[in-house]
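**Student:** Sequence:
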Amino acid sequence: MSTPIPRTRRTLLAAAGALLGLSMLSACGGAATGNEGAVKSDGSVDLSKVTLIVGDQKGGSKALLQAAGELDDLPYEVQWQEFTSGPPLLEALNAGSIHIGGVGNTPPLFAAAAKGTFQAVQAATYGGTGDAIVVPKDSPIKSVSDLKGKTVGVAEGSSANYNLLAQLDKAGLKYSDVSVQNLQPADALAAFSSGHLDAWAIWEPFTSQAEKEAGARVITTGKGLVNGYVFQIASQAALDDPATTAALKDYVGRIAKAQVWSSTHKEEWAKVWSEETGLSEDITLAATKKRDVSLVPITQEVIDSEQGMADAFSENGLLPGKIDVSPFFSDAFNDDTTGK
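FYI, the numbering for the sequence shown is -27 to -1, 1 to 313, going by mature numbering (1 follows the signal peptide of the UniProt record, and there is no 0).
One thing to keep in mind: the hints can contain errors.
What the hints assert, rightly or not - DSSO-like mimics (lysine-lysine), calculated; alpha carbons at most 30 Å apart, straight line:
| hint | residue 1 | residue 2 |
| --- | --- | --- |
| 1 | K196 | K31 |
| 2 | K88 | K295 |
| 3 | K115 | K196 |
| 4 | K295 | K143 |
| 5 | K13 | K244 |
| 6 | K35 | K143 |
| 7 | K263 | K239 |
| 8 | K244 | K110 |
| 9 | K35 | K262 |
| 10 | K31 | K110 |
| 11 | K263 | K121 |
| 12 | K110 | K196 |
| 13 | K143 | K196 |
| 14 | K185 | K143 |
Said to hold, decoys possible - Derived Cβ-Cβ restraints for the label pairs, each shown as a range:
| hint | residue 1 | residue 2 | range |
| --- | --- | --- | --- |
| 15 | S287 | K13 | 44 to 50 Å |
| 16 | K123 | S253 | 37 to 43 Å |
| 17 | K196 | A159 | 41 to 47 Å |
| 18 | K123 | D160 | 15 to 21 Å |
For the record, the hints were derived by calculation from the structure and aren't laboratory data. Glycine included, C-beta positions come from ideal geometry on N, C-alpha and C.
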């Protein structure tokens, strides 16, 4: 008799399988981006005829670009599609629904395992402070070691998922030592607030939201343990199209400039972030204070760090076998984002 796969492993492996199915659908559907007509006879691109379809998360790229004034003079059109977290965003990207989107350090690993067709083309790090594990304020749980046998909410395949895995390992616990509930942020907040979760592994702005609205207490953060990377991920179909690529180069350059701006204009950023998300400004300001960003060129160091994460997921049975992540990272846009 075969050994049953634990529920959390089944869920994550099923998620990888779902991504694989979507990537196959994308491959069958061709590589058209809708921007082919923007290429002139001489090979140059008329950006005014390009539409970039961008995947976003709550208070993500759109809010950041708007706050920094980087949406004021776009030479191309942007259509925004919002997602609850990185994994569903990359599902849509692999299905051909979007051209590019911003995610944390973990979703690309699961998309890579699902044989997605994409590349990370821009990177920055927020240092990991915003990735946290929180508990109710009156909980007897004082440290990660106390989580053994407890119920923990997390969006599986998210950056918080890796932080949870790494924190458990640091505390000498296995992933199977906790009961993981796969919940997107809104559902997790409701479950946490109503007492159905012992702990919640999450990222900003939800960490600050949990503290301010649900009285959550942080027992640990990812600072010094996780790489804190965020990536702009472009579909291979978009990268194969000259017109879309021309817009992508401009777009990721604007993202990089806006990220730098956010570190020195926290109050302005928090105000727009609040307006875009509906979160109170005290929540978004608290979140911005935990998010000092540094631009990072995509180098072997970045790839090696992500490979280590993929290996950890594989070793815990959360990814199907050994995954080589290197084909999913490109340094082609480094000059446009960091000048390095």
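**Student:** Taking the hints in turn, state whether each one holds.
**Tutor:** Okay, the hints, checked on the actual structure:
With a C-alpha separation of about 22 Å, the suggested pairing of K196 with K31 holds against the 30 Å cut-off. Under the criterion of a C-alpha separation no larger than 30 Å, the hint pairing K88 with K295 is consistent with the structure, at around 12 Å. The suggested pairing of K115 with K196 holds, with an alpha-carbon distance near 18 Å, which does not exceed 30 Å. A C-alpha spacing of about 22 Å is found between K295 and K143, which places the hinted pair at or below 30 Å, so the restraint holds.
Simply put, K13 and K244 have alpha-carbon atoms about 41 Å apart, too far for the 30 Å limit, and the pair is violated. As the CA atoms of K35 and K143 are separated by approximately 36 Å, the hinted pair breaks the 30 Å bound. Straight-line distance between C-alpha atoms of K263 and K239 comes to about 10 Å, which keeps the hinted pair within the 30 Å bound. Taking the CA atoms of K244 and K110, the gap is near 27 Å; set against the 30 Å cutoff, the hint holds.
For a cut-off of 30 Å, the pair hint linking K35 to K262 stands: about 19 Å separates their Cα positions. At most 30 Å may separate the alpha-carbon atoms for a hinted pair to count; K31 and K110 meet this at roughly 25 Å. Proximity of K263 to K121 is assessed by CA-CA distance (about 28 Å); at most 30 Å being required, the pair is judged to hold. Among the hinted pairs, K110 with K196 is consistent with the structure: their alpha-carbon atoms are about 21 Å apart, no more than 30 Å.
This hinted pair checks out: K143 and K196 have alpha carbons roughly 13 Å apart, not beyond 30 Å. Taking the CA atoms of K185 and K143, the gap is about 28 Å. The hint holds against a cut of 30 Å. Between S287 and K13, the C-beta spacing of about 46 Å keeps the proposed range 44 to 50 Å intact. Taking the beta carbon of each, K123 and S253 are about 29 Å apart, not inside 37 to 43 Å as hinted.
With their beta carbons about 26 Å apart, K196 and A159 fall outside the hinted range of 41 to 47 Å. Look at K123 against D160: about 18 Å separates their beta carbons, and that is inside 15 to 21 Å.
Figure legend: structure checked against the earlier numbered hints; hints not met, in rising order: 5, 6, 16, 17.
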